[in-house]
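Chemist: Could you slot chains P and B onto chain U? The hints should help.
Residue numbers (the working numbering), protein chains in the order written: chain U, 633 to 901; chain P, 633 to 901; chain B, 633 to 901.
Warning: the hint list may mix true and false statements.
[Stated by the list, open to error] Keeping only pairs whose Cα atoms sit at most 20 Å apart, straight-line, the calculated EDC-like set for lysine to aspartate or glutamate is:
no., chain 1, residue 1, chain 2, residue 2
1, B, Lys789, B, Asp808
2, B, Lys894, B, Glu861
3, U, Lys698, P, Glu682
4, U, Lys698, P, Glu778
5, U, Lys789, U, Glu778
6, U, Lys789, U, Asp808
7, B, Lys698, U, Glu682
8, U, Lys894, U, Asp639
9, U, Lys698, U, Glu710
10, B, Lys698, U, Glu786
11, U, Lys789, U, Glu861
12, P, Lys789, P, Asp808
13, P, Lys894, P, Glu682
14, P, Lys698, B, Asp808
15, B, Lys789, B, Glu778
16, U, Lys894, U, Glu861
17, P, Lys894, P, Glu861
18, P, Lys698, B, Glu682
FYI, nobody ran anything at the bench for these hints, they're computed from the structure.
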Amino acid sequence: MLGSYLDRLRETAPLVHCITNYVTANDVANLLLACGASPILSDEPSDAAEVTACTRGLCLNLGTMKSWSVDSMLAAGEEAARLGHPILLDPVGVGASSLRRTAAGLLLDRLPVACIRGNLSEIAVLAGLDVESRGVDTGRGGQSTETVCTLARELAKARGCVVALTGQTDVVTDGDRTYLIGNGCPEMGRVTGAGCQLSALAAAFLAASPGASLEAAAAAVCAMGLAGEIALARQAPGDGNATLRCRIIDAVYHMDGHTLNKGARYEIR
Amino acid sequence: MLGSYLDRLRETAPLVHCITNYVTANDVANLLLACGASPILSDEPSDAAEVTACTRGLCLNLGTMKSWSVDSMLAAGEEAARLGHPILLDPVGVGASSLRRTAAGLLLDRLPVACIRGNLSEIAVLAGLDVESRGVDTGRGGQSTETVCTLARELAKARGCVVALTGQTDVVTDGDRTYLIGNGCPEMGRVTGAGCQLSALAAAFLAASPGASLEAAAAAVCAMGLAGEIALARQAPGDGNATLRCRIIDAVYHMDGHTLNKGARYEIR
Amino acid sequence: MLGSYLDRLRETAPLVHCITNYVTANDVANLLLACGASPILSDEPSDAAEVTACTRGLCLNLGTMKSWSVDSMLAAGEEAARLGHPILLDPVGVGASSLRRTAAGLLLDRLPVACIRGNLSEIAVLAGLDVESRGVDTGRGGQSTETVCTLARELAKARGCVVALTGQTDVVTDGDRTYLIGNGCPEMGRVTGAGCQLSALAAAFLAASPGASLEAAAAAVCAMGLAGEIALARQAPGDGNATLRCRIIDAVYHMDGHTLNKGARYEIR
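Looking at chain U on its own, in the form it has when it is part of the complex:
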């Protein structure tokens, strides 16, 4: 059951290094603290590898990246690889610019990325499909679950890693086994950084269970979606996306393996 991965995360309490965007960095840090992990953030090229060496996992996020960010990410990633720490890549808005596309390609070519977490348009860009990107907080709708699964599986096989594609249906696959996850609610799409937070959460799950990337990533996706459902159920009249943002983190804070086992909704294909 996926709940055991959350219990292990709380027991392990890994320190996770995030090279992530400044828009959602605070939420990423608070979410890591909520799940029992601890955050450390440094995106300075001369600092990144040394910081990674203190930690147990690495989360690379392309939002608000700079031209020099790739150097930080490569330095940290090579150190993480040397130490056997799992690396997660969140290719935020990779369709929006050539800087981001080049960076994502370089990171995937050079680093043993354990998991890629993105929305449909981002995963499609990495898989080499030509899609129109529409910002970083939205994906396109209307594709069949089968299409989405195929896309995720292809990228997972091509890159030899786990792919977590989140959207209307969340798909987590290593190319072979695939979790179709039904947790979450549309209102999460109106909270900035819900995806960034999920990526950091998945990095923490992977850091606590490095030998079980697929299950760890699936557990993270279920936990984040379930947190959204719990948060939504607590909304009072007048509460909107800012309050939902707080309640999602709060829900992770109180979640344990038992709650996750009871609330997770998925099938394995």
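Modeler: Only chains P and B this time, still in chain U's reference frame:
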């Protein structure tokens, strides 16, 4: 009625590119999502123009700017101009340093800025008056409404754009017609980034109604002030500025054209 | 009584320049507004000194620092020194990298720092002890109060400044007189940036009472801990660290000297 501009914003759901400070970037992004728009943030010079090309409007904010930020803003602004997207400038703390003054001057000289949104001391600096700046979250009080209107009108005429000067009384003018807006509450002055959020909101309104900058900016100012009033009315004993911050975004999340029409308080001169 | 320092802070309403990390910058700004001060943030080297000149106090925080941040901090710090403004240093994660260790050493050697605020592992690094750093949000436990006091006193004497070492017991000392402070709650350790916020709060207290650094820093530590207790008492079932984060700032917003006098728990040694 101004409410129709909010309805159009929700229908249009524009993607807005913000080059904005890291202090309030999260609130800016959540406010854009609250009003029905979507945010994308990139301040990397080599990335900015390409990101702008995916969007419908541009918000330039001088808070925490770097020496290289001007290049990003110019590149994004020139692309926005080429595409006919409205550009909004928020000259945060422009009185505090020569870097910011020079940047604001350059941006206004080179770009067809549609709207400038600032507090009294910031607008006064742009209008060439010598005033003492006191931080970025406060303006000076005590000036007559007439003085404030004259200042805003002069800058609007000099720069050929809409000026939204917010403070005790909010003034939105194109130099010819002037909205005097009575929405808002003093408690908003204790929420960091209330001004940055308003600027992003105004950029979204302009992006949805590019042919009606004056009315769109006035609608944004009314909507933000009204959100502050709604948020204040929901405060419980013990709630302070951090909770008010969330409730303001929540209030925008639930606002529609009808609510705005009922709550907007303004006169046109 | 320490409450008088809070009353003076609210009367003085100092503008405080923060060169601080982007993870917690928003909370730092809102906390400064909550206590009656105002924030201005600029970390651009060519901007920093000029911004400092508009303010009354300076808070230097090493979280997410860049290689060029030291130049900004030195420029701002030299201007603050020239103007007689108090400087506070928060050596976030100083044990995690040589960049941060070098920066902290340089700043302490070159600037008349009035107060250092850090956790046990950070203070130990500055005092020259070899400790294992574990992220920025946690310290090590298990040391006796006497050990902690000795460490803080030694650094205070060596650097000729006030040291505020926060953890299970908070110690504020000038090397001679020592406040042992019992306010706060363990749950604050799960809110990212509680330390950064305390540092900014202490910088504001120092800016309002520059002649009484020890008492001002002790008042800030009591006020922040008391805010955590008030916030915790307001938590409803299901509320977690994200809601606690808001309520801490809210509690500062409503705190006055009388409340602080009643709630402060400390002894002087």
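Chemist: The structure should be examined with respect to each hint, and the outcome stated for every one.
Modeler: Hint check results:
| no. | hint | in the structure |
| --- | --- | --- |
| 1 | Lys789/B with Asp808/B | 8 Å, holds |
| 2 | Lys894/B with Glu861/B | 13 Å, holds |
| 3 | Lys698/U with Glu682/P | 14 Å, holds |
| 4 | Lys698/U with Glu778/P | 45 Å, violated |
| 5 | Lys789/U with Glu778/U | 16 Å, holds |
| 6 | Lys789/U with Asp808/U | 8 Å, holds |
| 7 | Lys698/B with Glu682/U | 14 Å, holds |
| 8 | Lys894/U with Asp639/U | 14 Å, holds |
| 9 | Lys698/U with Glu710/U | 19 Å, holds |
| 10 | Lys698/B with Glu786/U | 38 Å, violated |
| 11 | Lys789/U with Glu861/U | 32 Å, violated |
| 12 | Lys789/P with Asp808/P | 8 Å, holds |
| 13 | Lys894/P with Glu682/P | 40 Å, violated |
| 14 | Lys698/P with Asp808/B | 42 Å, violated |
| 15 | Lys789/B with Glu778/B | 16 Å, holds |
| 16 | Lys894/U with Glu861/U | 13 Å, holds |
| 17 | Lys894/P with Glu861/P | 13 Å, holds |
| 18 | Lys698/P with Glu682/B | 14 Å, holds |
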